[in-house]
Amino acid sequence: MSTTDEQTEQDVESIETAASTDDAPNAVTFDRAGIRAGFVTCLPVALGVAGYGIAFGVLADQAGLSVAEVALMSATVLAGASQIIAVELWADPIPAATVVLAVFAVNLRYSLMGAALRPWFKHLSGIRVYGSLFFMADENWALTMRDLTGGSRRGAFLLGSGLAIWVFWVASSVAGVAVGGVIDDPATFGLDFVLVATFVALAVELWDGASTAVPWAVALVTALVTTEVLAGQWHVIAGGVAAAVAEVVRRD
Amino acid sequence: MASPPPSPRWFAVTDPLAINPTVVAVIAAMAIATYLTKAGGLWLLTRIGVSDRVEAALEVLPGAIVVAVLGPELASGGLPEWLAGSVVAVVAWRTGNIFVALVTGVGAVIAFRAIL
Chain A
107 MSTTDEQTEQ
117 DVESIETAAS
127 TDDAPNAVTF
137 DRAGIRAGFV
147 TCLPVALGVA
157 GYGIAFGVLA
167 DQAGLSVAEV
177 ALMSATVLAG
187 ASQIIAVELW
197 ADPIPAATVV
207 LAVFAVNLRY
217 SLMGAALRPW
227 FKHLSGIRVY
237 GSLFFMADEN
247 WALTMRDLTG
257 GSRRGAFLLG
267 SGLAIWVFWV
277 ASSVAGVAVG
287 GVIDDPATFG
297 LDFVLVATFV
307 ALAVELWDGA
317 STAVPWAVAL
327 VTALVTTEVL
337 AGQWHVIAGG
347 VAAAVAEVVR
357 RD
Chain B
139 MASPPPSPRW
149 FAVTDPLAIN
159 PTVVAVIAAM
169 AIATYLTKAG
179 GLWLLTRIGV
189 SDRVEAALEV
199 LPGAIVVAVL
209 GPELASGGLP
219 EWLAGSVVAV
229 VAWRTGNIFV
239 ALVTGVGAVI
249 AFRAIL
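Protein chains in written order, with our numbering: chain A, 107 to 358; chain B, 139 to 254.
To be clear, the hints were calculated from the coordinates, so they are not data collected in a lab. Note that CB positions come from ideal geometry on N, CA and C, so glycine has one too. Mixed in with the good hints, there may be bad ones.
[As the list claims (entries may be wrong)] Covered stretches of chain A, as calculated for chain B (at least 3 residues, CB under 8 angstroms):
(1) 145-157
(2) 236-248
(3) 265-278
(4) 299-310
(5) 315-323
[Unchecked claim] Derived, one-sided and incomplete: chain A residues facing chain B with beta-carbon distance under 8 angstroms:
(6) A192
(7) V193
(8) V335
[Said to hold, decoys possible] From the derived model, a few chain B residues whose C-beta atoms are all more than 10 angstroms from chain A:
(9) L212
(10) L217
(11) I253
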């Protein structure tokens, strides 16, 4: 055991040293200004998320969930795609195991997204890291990666942007139940395109020249093939893992 | 809890504040499963430590995940989505402003869907 621990510590130290060549130690902030910046930046995106929230509320209403139950689910789960799939699986009696397993599988991609925050979050305390991660959704993770890779060092950006998502997601879910079928298709206002637009903008932001091309091509092809073969969100995990493996092989 | 069994629940809801204990239990399990995915990746990496190779792999993850989400989304779209996606890319590249890029993109997709 002790040798494993030593090895681990050496590895961690070597990364800290490598990182400190361009970072001052503990240079990542966590303050009210960061929360505010995240919240404000995320507002237009959160408005788009509200389009999905209304759609989710309508579906949940059709599945027989009450306003209170929908509010509880949106406030505690906070993961759009998985919630929509869950209420689609809803029946009487509730197929609890199927629902929870589907939710877990759809959300597995978050483990990779969370891991990608490590270069910055390793400087923050546990309660800040694990509190912020509760508020991580696709859209605000994308905005946060953009902010942090841009060199802002605002560790509270994920929390701030996540709070914006949370407020709009809970409110729009409740509104969706209330309005029922009035707006049952987010495509009416082009709101269904917000997620794609966010990710296109992020891809432009994350493009880092020729070295990006190989892992991205691997991710793209893997995701396209996987989505043909497997239902659900597995293509996200598959694409991410394949690109990571390809990069490790390429560096050898 | 004397609700009549013959009536399936999803046709019988009348009280907007109704809280069914079974529903709450399933929601709690969904919340825990989701939080495990959100916190698990980072937690695991902190526990096991990371080699240079793993760090290199993690560096490509954000872009790879973005592409993996985006590829099938765009593939399932049509010409309006592809054109509007190109508009977003160009605007994001030229302005570096995500808000301008999003608004232009949503406007573009509405316009392209109307025209095409």
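Report task. Please confirm whether L217 of chain B is truly not at the interface, meaning its C-beta sits more than 10 angstroms away from all C-beta atoms of chain A. Result -> Its Cβ never comes within 10 angstroms of chain A, the nearest being 13 angstroms, so this holds.
Report task. Check whether three or more residues of the stretch 299-310 of chain A sit with their beta carbon closer than 8 angstroms to a beta carbon of chain B. Result -> holds (count 12)
Query raised in the report: Are V335 of chain A and chain B close enough, Cβ to Cβ, to be under 8 angstroms, as the hint says?
Result: Violated: closest Cβ of chain B sits about 12 angstroms from V335 of chain A, beyond 8 angstroms.
**Report entry** Proximity test - 8 angstroms, beta-carbon atoms, the stretch 145-157 of chain A to chain B, at least three hits
**Finding:** holds (count 4)
Query raised in the report: For the stretch 315-323 of chain A, does the count of residues with a C-beta closer than 8 angstroms to a C-beta of chain B reach 3?
Result: holds (count 3)
Query raised in the report: Would the least Cβ to Cβ distance between I253 of chain B and chain A come out above 10 angstroms?
Result: holds (13 angstroms)
Report task. Using Cβ atoms only, decide whether A192 of chain A comes closer than 8 angstroms to chain B, and label the hint accordingly. Result -> holds (6 angstroms)
**Report entry** Interface hint status, V193 of chain A versus chain B (Cβ within 8 angstroms)
**Finding:** Violated. Min distance 10 angstroms.
Report task. Find the nearest Cβ of chain A to the Cβ of L212 of chain B and say whether that gap is larger than 10 angstroms. Result -> Violated, because the least Cβ-Cβ distance between L212 of chain B and chain A comes to about 7 angstroms, which does not exceed 10 angstroms.
Query raised in the report: Mind checking, does the stretch 265-278 of chain A have 3 or more residues with a CB under 8 angstroms from chain B?
Result: That given contact is violated, which follows from only 0 residues of the stretch 265-278 of chain A lying within Cβ reach (below 8 angstroms) of chain B.
Query raised in the report: Has the stretch 236-248 of chain A got at least three residues whose CB is nearer than 8 angstroms to a CB belonging to chain B?
Result: holds (count 6)
Of the numbered hints stated above, those contradicted by the structure are hints 3, 7, 8, 9, listed in ascending order.
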